[in-house]
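Listed below are the residues making up each chain.
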Amino acid sequence: MSSKVNFTVNGEKKSVEIEGWEKLLDVLRDYLNLTGAKRGCDDGTCGTCTVIVNGEAVKSCMFPASRLEGADIVTIEGLSKEGVNPIQRALIDSGAVQCGFCTPGIVTELTVLFTKNPEATEEQIKEALSKHLCRCTGYESIFEGAKSAQKKLEGAKNAQRLFNKDVKK
Amino acid sequence: MSDLKYVGTYIERPDAVNKAIGKAVFIDDIRLPNMLYAEILTPPIAHAKILSIDTTEAEKSEGVIKVVTGAQCNITFGDCVRDRYPMAKDKVRYIGEPVAAVIANSVHNAREAVKKIKVEYENLPVYTDALEAIKNDAVLIHEKNGEYWHLPTYQPIPKTNIAMHYTLIKGDVEKGFEEADEVVEGDFVYPFGSSAAIEPHGAIAWFHEDKTIEIWSSSICPTIIQEDIARTYGRPVSDVRVHIPEIGGCFGYKSDVTIEQTVAYIASFVPGRPVKWVATRAQDFTSTLIGHGVRIHMKLGAKRNGKFVAVKSTVYHSVGAYADTGVNVTQAATHTVGAYEIPNAFLEGFSVYTNTPPVGAYRGYGYQYPHFAIERLINMLARKLKIDELEMRSINYLSEGKETVLGEKIWKTNGDVKKCADNVKEVIFSKPKPKEDDKYYYGRGFAAVIKGPKGTPNSGKGCYMKLNIDGSVTVIMGGAEVGQGLRTVVRQVAAEALKIPPEKVRVYMELDTDFSPWEWQTIGSMFTTQGGRAIVLAAERLISMMKKNASYALKCDEDLLDYDGQYIFLKSDPSVKVPVTDIARGYMTEGGITVGEVVQATSAGRLPRYSNPDLKTGRGNMGVNYTFGAQGCEIRIEKDTGKIIIDNFVSSFDIGRVINPVQLRGQIVGGVMMGIGATLYEQLKFDEKGNLINPHFSSYRFPTIKDTPIEQTVIYVETPDGVGPFGARGIGEHPVLGVAPAILNAIFDAIGIDFFEIPITPDKIKKAIENKKEVMK
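From first to last, the protein sequence lines stand for chains R and S.
According to the working numbering, the stretch in the first sequence is residues 1 to 169, in order.
According to the working numbering, the stretch in the second sequence is residues 1 to 777, in order.
Be aware that a few hints might be false.
Claimed, not checked - Distance condition first, Cα-Cα at most 20 Å in a straight line; then the derived DMTMM-like pairs of lysine to aspartate or glutamate:
{"no.": "1", "chain 1": "R", "residue 1": "Lys-131", "chain 2": "S", "residue 2": "Asp-707"}
{"no.": "2", "chain 1": "S", "residue 1": "Lys-23", "chain 2": "R", "residue 2": "Asp-26"}
{"no.": "3", "chain 1": "S", "residue 1": "Lys-419", "chain 2": "S", "residue 2": "Glu-391"}
{"no.": "4", "chain 1": "R", "residue 1": "Lys-126", "chain 2": "S", "residue 2": "Asp-707"}
{"no.": "5", "chain 1": "S", "residue 1": "Lys-433", "chain 2": "S", "residue 2": "Asp-388"}
To be verified - Between beta-carbon pairs, the in silico distance windows are:
{"no.": "6", "chain 1": "R", "residue 1": "Asp-30", "chain 2": "S", "residue 2": "Ile-693", "range": "28 to 38 Å"}
{"no.": "7", "chain 1": "S", "residue 1": "Glu-638", "chain 2": "R", "residue 2": "Glu-127", "range": "14 to 24 Å"}
{"no.": "8", "chain 1": "R", "residue 1": "Glu-123", "chain 2": "S", "residue 2": "Gly-146", "range": "56 to 66 Å"}
Said to hold, decoys possible - Short derived list, chain R residues pointing at chain S, Cβ under 7 Å:
{"no.": "9", "residue": "Ile-76"}
{"no.": "10", "residue": "Gln-98"}
{"no.": "11", "residue": "Thr-121"}
{"no.": "12", "residue": "Gln-124"}
Simulated from the structure, these hints should not be mistaken for laboratory data.
Every residue gets a Cβ at the ideal spot worked out from N, C-alpha and C, and that includes glycine.
With the hints as extra help, turn the sequences into a complete structure.
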């Protein structure tokens with residue numbers, strides 16, 4: 001059964017005709033051509049499809065498209081409107097970007113974490129990152145990059161800026 | 001202090017930004033005009049005759065363009081053994097085998113239609129282990145075993161399930177064991193596992209109306225795909241064009257031709273339209289290549305003083321339903337006995353067909369299994385002989401002038417395993433081991449490692465290099481970037497060789513057989529060595545062309561000129577000079593007449609004297625370019641749970657020359673983590689029908705950030721290599737090799753129990769401790 005949903009993606013209003021079985025990841029990739037969120041598994045385990053829905057990090061491969069009405073979505077494309085943001089810069093500098101397939105999900109996860117909890121402890125950072133699988137790095141450089149990003153951001157306001165809602169140029 | 005300017009420093013990966021902002025284009029991100037989507041039907045049982053296929057309902061399903069079966073398919077393919085079919089014809093041999101496919105206007109419609117295909121099967125016995133399939137009364141998985149085309153080095157045994165039998169003979173093994181004062185032996189098991197890159201494998205095929213064929217694949221071997229597809233469809237190689245987009249991790253299984261042949265077969269039914277198939281995670285586990293499935297029985301003998309005298313091994317490798325490149329893995333698993341000189345050897349390997357997904361490359365390429373066996377046996381032997389295990393290793397290490405079992409003399413430029421071992425010893429064993437307490441047992445373990453590329457005699461890498469008008473340089477090669485960072489290596493090596501800043505080196509971002517120089521395939525930790533050599537050669541050619549052009553400009557002979565990255569100048573008077581920007585396309589005289597060279601060059605690098613094995617002895621130059629290393633760990637075993645905590649995992653490799661310290665550490669730390677996954681968590685489990693029980697990341701558990709060692713220590717030795725650029729050698733696979741034996745040796749050290757089979761789960765530890773306590777009573 002198809003139905004229409006209205007929502008916002010990266011600040012732009014969208015109206016999409018969706019099928020009942022579709023997930024947010026299908027909508028982003030197949031209807032909106034936003035391919036930054038990746039498909040790595042089929043049971044919400046790998047985390048590479050993570051996007052931000054109403055301020056929360058969500059695995060878009062499990063999120064029913066039918067629940068999108070009125071939602072505010074931010075994807076890796078939205079987080080990268082101004083080029084490389086401080087989280088991406090920190091991950092690059094720590095060597096956390098190898099094959100790059102898990103990177104968009106991790107950037108997104110850390111954006112939400114540091115917005116909601118800028119003082120996140122190492123354990124909390126690990127807890128957030130444990131929702132993401134990476135086969136390349138052995139996680140060391142991702143963890144180091146996350147800690148360095150936290151320092152660079154210095155607080156929730158700076159993390160919030162990454163959402164690109166009220167970015168002042 | 002390094003004598004080099006750019007090699008040995010950190011520079012950013014050329015692809016980092018695109019990947020970090022989500023703009024890197026992977027196979028599933030590609031959208032082509034008029035593209036169709038395929039879904040593949042796989043069987044409910046791993047071994048069965050196909051009696052009939054009814055596609056009527058599927059054809060009527062919404063959005064369906066075509067339903068394809070293998071009934072008319074007469075194609076076989078394979079790199080080493082041509083025993084593979086793009087789609088099953090009359091029989092299925094594994095659970096992920098393509099039986100039929102639907103081409104539709106969307107993935108969803110293709111999937112819905114596939115469910116409507118009805119197939120009648122007649123079940124056959126299912127073998128998921130080499131030990132069952134090798135029995136005399138076992139049903140043949142391939143009736144045609146022995147008739148398939150194969151490379152001469154892989155000998156099948158017809159009318160059995162043995163796809164390849166290989167023996168390596170050195171010295172006199174029986175005599176060797178007679179001379180031994182002590183002998184140990186054991187049966188070691190390395191179960192099935194998956195490379196499990198986070199990006200599932202996929203391909204797009206497009207048969208054009210002009211008879212050319214275009215393929216996109218998340219593969220590391222465009223040339224092999226190009227040649228194989230051309231042969232299959234009777235086209236000139238030049239009429240097949242293969243593109244490789246960004247690859248989301250490989251670790252082995254995206255090498256060699258696999259799914260591309262299936263997707264091409266499907267697409268051949270709808271000429272004029274591109275057809276895409278990207279595996280779901282479950283399909284990535286069952287319908288691509290898997291790894292391991294190795295049983296090794298190994299026996300090792302030594303004199304009282306610890307000197308090794310003989311080694312014997314039998315490798316039973318469950319290579320799955322199609323042996324193709326699995327046979328090469330078996331061979332590597334057989335012809336390796338670790339970083340030691342052993343004068344007498346009899347090593348025998350069997351690639352055995354089983355009803356499991358085909359086994360292919362997996363990071364380590366066969367080498368990890370004999371390492372697992374011998375490094376465990378050495379500890380057992382040292383205990384029997386009451387010699388220190390590290391001391392015993394050190395009197396047997398390969399070094400300059402000593403001979404591997406393959407008969408290759410080790411060169412000084414192959415590196416120094418002893419130095420690596422000493423580094424690990426210093427970190428792990430130079431302090432007292434913590435005493436057992438209420439909560440934990442403590443243990444420490446060690447393993448030495450060695451690996452050569454296991455390639456093919458002509459496994460070269462090509463390079464095209466051109467000087468641009470502004471003095472920047474473009475480098476195009478055929479090496480596939482899978483995350484290992486070869487683009488960074490290209491940039492740094494080219495910058496060093498050309499004496500220009502790395503920012504002025506443009507590195508290729510995609511592979512396209514219409515434009516990329518030839519490369520065999522990007523495997524075996526060979527790119528830095530061979531590709532780097534090609535870059536240095538091309539740079540030398542560029543410089544010599546610049547000198548030729550400058551000789552016109554400066555009116556002087558070329559040999560009197562020198563180059564500093566910006567100018568060609570007279571050695572005796574550097575003020576007599578011409579900027580390279582003036583001579584990039586030759587030298588133009590005042591009148592506009594241009595003479596000299598357009599400064600662009602091609603080159604290629606290969607290994608010296610790499611050979612096939614001798615068919616009688618199994619010996620030959622099948623390593624040539626080795627990297628040595630040593631690994632060790634300190635672990636704790638939690639008494640309540642049996643959980644293993646790795647406090648420190650130490651790796652020391654003779655890397656030859658560090659090119660990029662950040663990337664290098666990333667390769668090693670990541671490789672160790674993959675080894676830890678295999679040792680403690682990962683196993684593909686098949687039921688009696690050959691179904692994969694755990695085809696998801698939620699059930700095929702591989703390490704998360706919570707499973708990392710508390711610390712990883714990495715120490716480099718830099719004995720310059722004789723082939724690689726500036727002395728550098730390969731490292732991609734080596735970090736996985738010593739992990740399992742080092743951890744299992746540490747487990748013995750902690751609780752006095754020998755394990756021979758991985759993965760070691762907490763349950764197994766708890767059970768073993770309880771059993772031991774029972775016996776002690």
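Mind checking the alpha carbons of Lys-419 of chain S and Glu-391 of chain S for me, to see if they're no more than 20 Å apart?
Between Lys-419 of chain S and Glu-391 of chain S the Cα gap is close to 13 Å, so the pair holds against 20 Å.
Starting from the hint 28 to 38 Å, judge whether the C-beta atoms of Asp-30 of chain R and Ile-693 of chain S obey it.
holds, 31 Å
Is the interface hint satisfied for Ile-76 of chain R? The criterion is a beta-carbon contact with chain S at less than 7 Å.
holds, 4 Å
Does Asp-388 of chain S lie within 20 Å of Lys-433 of chain S when you go C-alpha to C-alpha?
holds, 15 Å
When you take the CB atoms of Glu-123 of chain R and Gly-146 of chain S, is the distance between them in 56 to 66 Å?
holds, 59 Å
Lys-23 of chain S paired with Asp-26 of chain R [C-alpha distance capped at 20 Å]
holds, 18 Å
Holds or violated: are the alpha carbons of Lys-131 of chain R and Asp-707 of chain S at most 20 Å from each other?
holds, 13 Å
Should the hint that Gln-124 of chain R touches chain S count as held when the rule is a Cβ pair under 7 Å?
For Gln-124 of chain R, the interface hint is violated, since the closest Cβ of chain S sits about 12 Å away, which is over 7 Å.
Status of the Thr-121 of chain R interface restraint (C-beta, 7 Å, chain S):
violated, 14 Å
20 Å Cα cutoff - pair Lys-126 of chain R, Asp-707 of chain S:
holds, 11 Å
Could you see if the CB distance from Glu-638 of chain S to Glu-127 of chain R stays within 14 to 24 Å?
Once the Cβ atoms are compared, 20 Å apart, the range 14 to 24 Å for Glu-127 of chain R and Glu-638 of chain S holds.
With chain S as the partner, please determine if Gln-98 of chain R meets the hint condition of a C-beta pair closer than 7 Å.
holds, 4 Å
In summary, the numbered hints that this structure violates are 11, 12.
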